[in-house]
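Protein chains: 2
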Amino acid sequence: MSKNIHVVIMAGGSGTRFWPYSREAKPKQFLDVVGTGRSLLQMTFDRFNEITTPDKIWVVTNEKYDSLIKEQLPELGHDQILLEPEKRNTAPCIAYAAYKIMKQDPDASMIVTPSDHAIFKEKEFLEVIDTALNDASKEDHLITIGIRPNRPEIGYGYIQYISEPGNNVKKVKTFTEKPQLDLAKKFLESGDFLWNSGIFIWSIDAIVRAFETHDEEMASLFASGLNEYFTKEEKSFIKKTYSHCKNISIDYAIMEKAENVYVVPGDFGWSDLGSWNALHEIREQDENENVIEGSAITYESRNNFIKGDKDKLILAHGMEGFLVADFDDVLLICKKEDSSIFKDFIADAKAKKGDKLT
Amino acid sequence: MSKNIHVVIMAGGSGTRFWPYSREAKPKQFLDVVGTGRSLLQMTFDRFNEITTPDKIWVVTNEKYDSLIKEQLPELGHDQILLEPEKRNTAPCIAYAAYKIMKQDPDASMIVTPSDHAIFKEKEFLEVIDTALNDASKEDHLITIGIRPNRPEIGYGYIQYISEPGNNVKKVKTFTEKPQLDLAKKFLESGDFLWNSGIFIWSIDAIVRAFETHDEEMASLFASGLNEYFTKEEKSFIKKTYSHCKNISIDYAIMEKAENVYVVPGDFGWSDLGSWNALHEIREQDENENVIEGSAITYESRNNFIKGDKDKLILAHGMEGFLVADFDDVLLICKKEDSSIFKDFIADAKAKKGDKLT
Chain A
1 MSKNIHVVIM AGGSGTRFWP YSREAKPKQF LDVVGTGRSL LQMTFDRFNE ITTPDKIWVV
61 TNEKYDSLIK EQLPELGHDQ ILLEPEKRNT APCIAYAAYK IMKQDPDASM IVTPSDHAIF
121 KEKEFLEVID TALNDASKED HLITIGIRPN RPEIGYGYIQ YISEPGNNVK KVKTFTEKPQ
181 LDLAKKFLES GDFLWNSGIF IWSIDAIVRA FETHDEEMAS LFASGLNEYF TKEEKSFIKK
241 TYSHCKNISI DYAIMEKAEN VYVVPGDFGW SDLGSWNALH EIREQDENEN VIEGSAITYE
301 SRNNFIKGDK DKLILAHGME GFLVADFDDV LLICKKEDSS IFKDFIADAK AKKGDKLT
Chain B
1 MSKNIHVVIM AGGSGTRFWP YSREAKPKQF LDVVGTGRSL LQMTFDRFNE ITTPDKIWVV
61 TNEKYDSLIK EQLPELGHDQ ILLEPEKRNT APCIAYAAYK IMKQDPDASM IVTPSDHAIF
121 KEKEFLEVID TALNDASKED HLITIGIRPN RPEIGYGYIQ YISEPGNNVK KVKTFTEKPQ
181 LDLAKKFLES GDFLWNSGIF IWSIDAIVRA FETHDEEMAS LFASGLNEYF TKEEKSFIKK
241 TYSHCKNISI DYAIMEKAEN VYVVPGDFGW SDLGSWNALH EIREQDENEN VIEGSAITYE
301 SRNNFIKGDK DKLILAHGME GFLVADFDDV LLICKKEDSS IFKDFIADAK AKKGDKLT
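These protein sequences, in sequence, are chains A and B.
No gaps in the numbering here: position 62 of the first sequence is 62 in the working numbering, and each next residue is one more.
No gaps in the numbering here: position 234 of the second sequence is 234 in the working numbering, and each next residue is one more.
Hints were generated in silico from the structure; no laboratory data involved.
Note that the coordinates shown come from a computational prediction; the quantities given were computed from them, not determined experimentally.
The beta-carbon is built from N, C-alpha and C at its ideal position, and this holds for glycine as well.
Among the hints, erroneous ones may be present.
Said to hold, decoys possible - Simulated crosslink set (BS3-like; lysine-lysine; CA at most 25 Å straight-line):
hint : chain 1 : residue 1 : chain 2 : residue 2
1    : A       : Lys335    : B       : Lys310
2    : B       : Lys235    : A       : Lys310
3    : B       : Lys312    : A       : Lys350
4    : A       : Lys26     : A       : Lys312
5    : A       : Lys87     : A       : Lys350
6    : B       : Lys335    : A       : Lys312
7    : B       : Lys103    : B       : Lys235
8    : B       : Lys352    : A       : Lys312
9    : A       : Lys335    : A       : Lys70
10   : B       : Lys103    : A       : Lys335
11   : B       : Lys26     : B       : Lys352
12   : B       : Lys343    : B       : Lys64
13   : A       : Lys310    : B       : Lys335
14   : A       : Lys352    : B       : Lys312
15   : A       : Lys310    : B       : Lys246
16   : A       : Lys353    : B       : Lys312
17   : A       : Lys352    : B       : Lys310
18   : A       : Lys3      : A       : Lys123
19   : A       : Lys312    : B       : Lys87
20   : A       : Lys310    : B       : Lys232
21   : A       : Lys170    : A       : Lys123
22   : A       : Lys312    : B       : Lys310
23   : B       : Lys257    : B       : Lys70
24   : B       : Lys335    : B       : Lys87
25   : B       : Lys185    : A       : Lys310
26   : A       : Lys312    : B       : Lys350
27   : B       : Lys26     : A       : Lys353
28   : A       : Lys353    : A       : Lys335
29   : B       : Lys235    : B       : Lys70
30   : B       : Lys352    : A       : Lys26
Unchecked claim - Heads up, incomplete: computed chain A residues facing chain B, CB under 7 Å, no partners named:
hint : residue
31   : His317
32   : Glu320
33   : Leu331
34   : Ile333
35   : Lys343
36   : Ile346
37   : Ala347
38   : Lys350
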């Protein structure tokens, strides 16, 4: 592999699906959701630190998380933390990183990754990344990593590829956003649909050319900052640029339009940790399918996720399928399957107790 | 009514059925279980303060609760708090109080009452007490207050009386301890069985004579202290006496043997508050039968008892028939019907965290 590998970690999300643990002030990527002692962001950094050096790892995040990033990833230099003044979805985030990296290292390969997913088979993951990097270093390809689906999930985007035996880099046929259940079932049966992991690999050259072709406006916005990146004018340039910039995803701006889109299928114990239920599935369970964090005793209780503080004893009796999250000034007890109700919890908690809870 | 009315409140119990709120160090009678701002002990005091003066209200309790009594009932003089060095059931407790009061006021009428029950119709209650006091002041009767049963409860003692129209003071035929369910159902149908409330009314003369007749050993033990009561020797006398004394209930020692036992039936909103479920029934419920203490929001939840701190927001979703008790270093979530499991909770909590939790 001839090119330098740069990794761009997108860490600006402010989801509250793990509320009350994840709050606006400290969303999921900054939490040790999996219980390893490292946050999801730190685990993402560690994973890519295997294939490149810390000086080539970049984090794009919202301004308000600047100090959290510095605290959790002291390995990063000041210039490696790209601060967004406003939320603008993934396309501007990626354009900013691509043009900034291009100024320093125009021959680079670039990996873009979310910061809040879990990957349990690192070796298999790195093999998939290696396959994609090899291809991206030689070809003008925009590559995504696709996950082999194991259920007809309706919450994910799907990627259909053109089957070609013997080649691990597959040409993409279609992207489909969150399908209905019967469609998702057909996708699962067909065997040539993958989940969209949100991990992208390409050369700087390829992605810059793609912006120029498919979103000229965004391309010229971020190209006009080439004098400012890595200077003290970068911040004010970005503030101005983001205020003009469209709110658009990379899938919609580029991937669904480009002809040179490829996917590498992977099977490496991936979870987007999109709900407590998803987290429950990947955590170590006791003989009654309970996941317990902290100090708890269960009686006639199955399939619960109980998360408390070790200094507090939780006794659970006759519970099935519940999440018990005892954290600070909130105790949440709810059916963990029913993640759609979390929006109500948070709105109601806010109404009752004010912003500090959310 | 010619005699002075003395009230003896038995407050030595150390039950943990309202654990984690009630603990060995602060059992139920010292807690504001009903949510009025006054503990059950204080409410018992208040109730009898309507018919006598504070200097004639006595509390018998375990030594370890001395300071709790003084704190909750500052109206009591030092001599009115009778401290038991060991647990010895109700007969020694009542004998101690009877002989001590006899020294001061041999013509007294005496009411004995538990400290941890709730009574919701005070006017009706005081009428029943008045009926019993009137009878006890004229006759050599040992009177209990019986509760009209409303369900075939198997956890209580029953009193069968001899029906005699027009007289509210009924002669007792039999005492039956905790019956089987089919027997309890027959008791309920027959109409001449009452629950034993544990409230007794008699003259000092009658109860002392009853001890002399039915438990001569206990009578002479406590009679031998007549020189010590109200002196600084009382404490050491009681210590010695209790170490010799049988562990026996007043029902077994006296009431089931004596011929002159009567009962006044009452219907005054009585509850022994023997379980969270019993407490749930008497508390104000919302439209979904939830009782909420503290700060909680419920979703698709029915028939729960949720008790937390007002500074902590509890969100409950999809719960039915649960107790949620969030208190200090314990969070208990359990099916509230299943009060038999509380013993396990407490034993397990002790094993896990040590004595301080129980």
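Structure-based check of all given hints:
For the hint pairing lysine 335 of chain A with lysine 310 of chain B, the CA-to-CA distance comes to about 23 Å; that is within 25 Å, so the pair holds. A hinted pair counts as satisfied when its Cα atoms are at most 25 Å apart, and lysine 235 of chain B with lysine 310 of chain A does not qualify at roughly 44 Å. Between lysine 312 of chain B and lysine 350 of chain A the alpha-carbon distance is near 13 Å, which keeps this suggested pair within the 25 Å criterion. For the proposed pair lysine 26 of chain A and lysine 312 of chain A, the alpha carbon gap of about 23 Å is at most 25 Å, so the pair holds.
Between lysine 87 of chain A and lysine 350 of chain A, the direct Cα distance comes to roughly 22 Å. Compliance with the 25 Å bound is thereby established for this hinted pair. At roughly 20 Å between alpha-carbon atoms, lysine 335 of chain B and lysine 312 of chain A fall within 25 Å of each other, so this suggested pair holds. As the CA atoms of lysine 103 of chain B and lysine 235 of chain B are separated by approximately 16 Å, the hinted pair is consistent with the 25 Å bound. Taking the CA atoms of lysine 352 of chain B and lysine 312 of chain A, the gap is about 11 Å. The hint holds against a cut of 25 Å.
Between the alpha carbons of lysine 335 of chain A and lysine 70 of chain A the distance comes to roughly 36 Å, so the proposed pair goes past 25 Å and is violated. Between lysine 103 of chain B and lysine 335 of chain A the CA atoms are separated by roughly 64 Å; this puts the pair beyond 25 Å, and the hint is violated. With a CA separation close to 20 Å, the supplied pair lysine 26 of chain B and lysine 352 of chain B stays within the 25 Å bound. Our distance criterion of 25 Å between C-alpha atoms is met by lysine 343 of chain B and lysine 64 of chain B, whose separation comes to about 22 Å.
Between lysine 310 of chain A and lysine 335 of chain B, the direct Cα distance comes to roughly 23 Å. Compliance with the 25 Å bound is thereby established for this hinted pair. Between lysine 352 of chain A and lysine 312 of chain B, the direct Cα distance comes to roughly 11 Å. Compliance with the 25 Å bound is thereby established for this hinted pair. Restraint check for lysine 310 of chain A and lysine 246 of chain B: the C-alpha separation of about 45 Å exceeds 25 Å, so the hint is violated. The suggested pairing of lysine 353 of chain A with lysine 312 of chain B holds, with an alpha-carbon distance near 9 Å, which does not exceed 25 Å.
Of the supplied pair hints, the one linking lysine 352 of chain A and lysine 310 of chain B holds, its CA atoms being roughly 11 Å apart against a limit of 25 Å. Pair hint lysine 3 of chain A plus lysine 123 of chain A holds up; C-alpha atoms about 21 Å apart against a cutoff of 25 Å. Proposed proximity of lysine 312 of chain A and lysine 87 of chain B is contradicted: the alpha carbons are some 32 Å apart, above 25 Å. Restraint check for lysine 310 of chain A and lysine 232 of chain B: not satisfied, since their Cα atoms lie roughly 49 Å apart, outside the 25 Å limit.
Among the hinted pairs, lysine 170 of chain A with lysine 123 of chain A is consistent with the structure: their alpha-carbon atoms are about 21 Å apart, no more than 25 Å. Annotation: proposed proximity of lysine 312 of chain A to lysine 310 of chain B holds, straight-line Cα distance about 18 Å (limit 25 Å). Distance restraint check for lysine 257 of chain B and lysine 70 of chain B: the Cα-Cα separation of roughly 36 Å exceeds the 25 Å cut-off, and the hinted pair is therefore not satisfied. Note on lysine 335 of chain B and lysine 87 of chain B: the hinted pairing is violated, with a Cα-Cα distance of about 31 Å set against a maximum of 25 Å.
A hinted pair counts as satisfied when its Cα atoms are at most 25 Å apart, and lysine 185 of chain B with lysine 310 of chain A does not qualify at roughly 47 Å. For the given pair, lysine 312 of chain A sits about 13 Å from lysine 350 of chain B by alpha-carbon distance, which is consistent with the 25 Å threshold. For the hint pairing lysine 26 of chain B with lysine 353 of chain A, the CA-to-CA distance comes to about 31 Å; that exceeds 25 Å, so the pair is violated. For the hint pairing lysine 353 of chain A with lysine 335 of chain A, the CA-to-CA distance comes to about 23 Å; that is within 25 Å, so the pair holds.
Pair hint lysine 235 of chain B plus lysine 70 of chain B holds up; C-alpha atoms about 17 Å apart against a cutoff of 25 Å. Taking the CA atoms of lysine 352 of chain B and lysine 26 of chain A, the gap is near 32 Å; set against the 25 Å cutoff, the hint is violated. For the restraint placing histidine 317 of chain A at the interface with chain B, the shortest Cβ-Cβ distance is roughly 3 Å, inside the 7 Å limit, so the hint holds. Residue-level restraint check for glutamate 320 of chain A is violated (minimum Cβ-Cβ distance to chain B is 10 Å; threshold 7 Å).
A least Cβ separation of about 5 Å between leucine 331 of chain A and chain B falls short of the 7 Å threshold, and the interface hint therefore holds. Look at isoleucine 333 of chain A: its Cβ gets to within about 5 Å of chain B, closer than 7 Å, so that hint holds up. Taking 7 Å as the C-beta cut-off, the interface hint given for lysine 343 of chain A is violated, the closest approach to chain B being about 12 Å. Interface hint status for isoleucine 346 of chain A: violated, as the beta-carbon distance to the closest one in chain B is roughly 9 Å, over 7 Å.
Checking alanine 347 of chain A against chain B by beta carbon gives a least distance of about 10 Å; that is not within 7 Å, so the hint is violated. About 10 Å separates the beta-carbon of lysine 350 of chain A from the nearest beta-carbon of chain B, more than 7 Å, and the hint is not met.
Checked against the numbered hints above, the structure breaks hints 2, 9, 10, 15, 19, 20, 23, 24, 25, 27, 30, 32, 35, 36, 37 and 38 and satisfies the rest.
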